[in-house]
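J.: Keeping the supplied structure of chain A fixed, place chain B with the ligands upon it in accordance with the hints.
2 protein chains.
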Amino acid sequence: MRPGHRYGLHRVVEPEGTMPQPAWKLDNSMELYDNEILIDVETLNIDSASFVQIREAEGGDPVKVGEHMQNIVASRGKHHNPVTGSGGMLIGTVRQIGQQLAGKIDLQVGDRIATLVSLSLTPLTIEEIVKMDVKTGQVDIKGQAILFESGLYAKLPDDVPDRISLAVLDVCGAPAQTAKLVQEGDTVVILGAGGKSGTMVLYQARKSAGPTGKIIAIEYGEQGCAAIEKLGWADVVLNLDCTRPVDVLEAVERETEGRFADLTVNCVNIPGTEMASILATRDEGTVYFFSMATSFTAAALGAEGVGKDVNMIIGNGYTKGHADLSLELVRESAALRQLFETKYGL
Amino acid sequence: MRPGHRYGLHRVVEPEGTMPQPAWKLDNSMELYDNEILIDVETLNIDSASFVQIREAEGGDPVKVGEHMQNIVASRGKHHNPVTGSGGMLIGTVRQIGQQLAGKIDLQVGDRIATLVSLSLTPLTIEEIVKMDVKTGQVDIKGQAILFESGLYAKLPDDVPDRISLAVLDVCGAPAQTAKLVQEGDTVVILGAGGKSGTMVLYQARKSAGPTGKIIAIEYGEQGCAAIEKLGWADVVLNLDCTRPVDVLEAVERETEGRFADLTVNCVNIPGTEMASILATRDEGTVYFFSMATSFTAAALGAEGVGKDVNMIIGNGYTKGHADLSLELVRESAALRQLFETKYGL
Ligand SMILES: NC(=O)c1ccc[n+]([C@@H]2O[C@H](COP(=O)([O-])OP(=O)(O)OC[C@H]3O[C@@H](n4cnc5c(N)ncnc54)[C@H](OP(=O)(O)O)[C@@H]3O)[C@@H](O)[C@H]2O)c1
Ligand SMILES: NC(=O)c1ccc[n+]([C@@H]2O[C@H](COP(=O)([O-])OP(=O)(O)OC[C@H]3O[C@@H](n4cnc5c(N)ncnc54)[C@H](OP(=O)(O)O)[C@@H]3O)[C@@H](O)[C@H]2O)c1
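Note that the protein sequences, when read in sequence, are chains A and B.
Residue 1 is where the first sequence starts when you use full-length UniProt numbering, and the numbers rise one by one after that.
Residue 1 is where the second sequence starts when you use full-length UniProt numbering, and the numbers rise one by one after that.
It is worth saying that the hints were derived from the structure and are not from the lab.
Take every hint as true, because none was put in to throw you off.
The list cannot tell twin chains apart, which means a pair is met if one copy fits it or any two copies do.
Derived DSBU-like pairs: lysine-lysine, alpha-carbon spacing no greater than 35 Å straight-line:
{"id": "1", "residue 1": "K207", "residue 2": "K320"}
{"id": "2", "residue 1": "K214", "residue 2": "K180"}
{"id": "3", "residue 1": "K180", "residue 2": "K207"}
{"id": "4", "residue 1": "K64", "residue 2": "K135"}
{"id": "5", "residue 1": "K142", "residue 2": "K104"}
{"id": "6", "residue 1": "K343", "residue 2": "K180"}
{"id": "7", "residue 1": "K131", "residue 2": "K320"}
{"id": "8", "residue 1": "K180", "residue 2": "K104"}
{"id": "9", "residue 1": "K135", "residue 2": "K25"}
{"id": "10", "residue 1": "K214", "residue 2": "K135"}
{"id": "11", "residue 1": "K64", "residue 2": "K343"}
{"id": "12", "residue 1": "K135", "residue 2": "K180"}
{"id": "13", "residue 1": "K343", "residue 2": "K155"}
{"id": "14", "residue 1": "K142", "residue 2": "K155"}
{"id": "15", "residue 1": "K320", "residue 2": "K214"}
{"id": "16", "residue 1": "K320", "residue 2": "K25"}
{"id": "17", "residue 1": "K25", "residue 2": "K64"}
Looking at chain A on its own, in the form it has when it is part of the complex (with noise of 0.2 Å):
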């Protein structure tokens, strides 16, 4: 076998001297180097602003979106959006360990696992797509992938079925830097407060902001509003579109008595979202971007514009145990596991 670099810089074929990630090709050839992992993928969790951003190009239309989707690895040789520049995540079967690897990791041939990293960074084929769900993004192919020495995973757990594992790992970065920056009484805003992470987001701020917290959840469309009120976490849900900033800042302001957010949680899957981010903050408060659809240059002006002295926190979709705090919430809470059993229609 070929020697590996760590970080997969070996399978970056240009431009030439940048990192898997940025790179805009990868040689995805499935001949393995000695530090890789040889994954059968079963099914690709296409990052929500990246499947969205397909989707509406595609109209919706299931062939297309498929095609789309081929179009990108065969060009790229990973699932990287170049529109959103986000990928996903994906689950499926170890099918070789590389020499280097082999009996130093806690994984066997055989083993299924989930991928913590991104697509955006996977050297990824598909042969095939075996089934499309248009509505959730969780498309099943045959097809393999590559995971670098450097790269992350977890084991699938035998108590959660996969594709909520599949859903629940693929965001579990939100619900952990939840748990690290809210304080008990703190006043937490959670914008597009019903989808995944939201509702993860949502469940994990209320038990540390505690009974003395204040948390509003922010979702657009009645139905789920209707939702998150049942989930019975949120102290106020308002239905608003947050791509209407001056909206939002209304409703928080009335709703804190101008006090505004300690934490604002960025969740929403569509672009335009950064100023009412910003305007839901106090001075001095923090914003927690976890949306991939998020403007680095919009945020940063738009903070000066208004002349807001907020935190801007860029969503790192790691932090440590952040796989196991996600899966542990789902098991604690029956009411957050039904909401993704019914997602995904189990």
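T.: Relative to the frame of chain A, chain B with the ligands by itself:
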């Protein structure tokens, strides 16, 4: 006078419902609303990431660069570079103050001010390009601009030359944030340490980290590095291309004996330096992205991709006291002032 909205919403032409910064197009008619300030513009300081992009697109030709700028303003009503998303700022003289503001703010007609909000949200007209400095991105024009009620500004000081105030105030968020983030004894890595924001961050980092701190300055090119060496504020100066993350990783690993940076500040003006910033930083350390060429997804997914649990901050251009702090630095340090004088040929 027509009544205006505090945040300038009345100037948004499209898309409807957005704020002036993310808006595609603003109304730049120079007829004042009652809470606006009209400015006769003297000089624009185009954001470095934006100016580099325009200059390269026009092969460095000053006339074409000027036309390019005028086209941006003609189509958007503001100098909001559609490629980089960034703006810059301006200096000029107050010509008129809306009746709702007059007497309530510390400005008089005739005062000379710098705007502290981005050009990407400032209604602007350019009648004529008077002088184009393709080296620095400072452009003297005949034209006018509007400041909203919520817009920040600073009166130009008498004891600092205008061009220096303009340059310093454009990047004043960076040293102010550095002062907040650096603790005594910290190891700080600065990328693009020879630029305008870079040198100010370098000076402030040295001050805040004290003699027990370790400051590592990274800049590309021998000349720039020699200039930094001469200042004497960095413990180590490295001549490296920050678009090559592994080079940066290895050098910082060596210089810190494997401990890496507590804080990394990115002050580079070109794309593709997210990974270098992340890899230079220790686990649970902080990356402060001041660069407007930062890609949100490249940062978020890049950190996850290498399993790096770092805190990543979006460089908010505003923080309390930022203008005063940065002007004070230039007053305090003759070397810093001289550096800016040389840059602007004073
Ligand atoms: N940082 C990371 O590592 C990471 C990892 C994974 C995902 N993400 C990002 O996190 C975000 C959320 O992901 P997810 O999987 O939780 O997505 P999701 O399940 O699709 O949830 C998105 C939510 O936002 C709501 N929404 C859409 N437009 C809205 C609007 N205008 N105003 C208010 N709410 C609106 C959606 O409502 P409807 O369903 O009614 O449209 C939905 O409830 C995405 O941008 C994704 O890219 C980041
Ligand atoms: N967040 C905010 O509010 C805000 C406000 C203003 C500016 N900014 C951003 O901050 C950044 C810096 O602005 P500035 O005005 O300080 O810019 P600047 O004076 O042009 O400095 C940029 C520095 O980066 C160096 N550099 C270029 N390519 C490099 C590479 N490959 N490796 C290492 N160093 C490299 C440059 O060296 P050479 O000169 O030799 O090319 C220069 O010293 C820009 O991206 C700008 O858009 C942000």
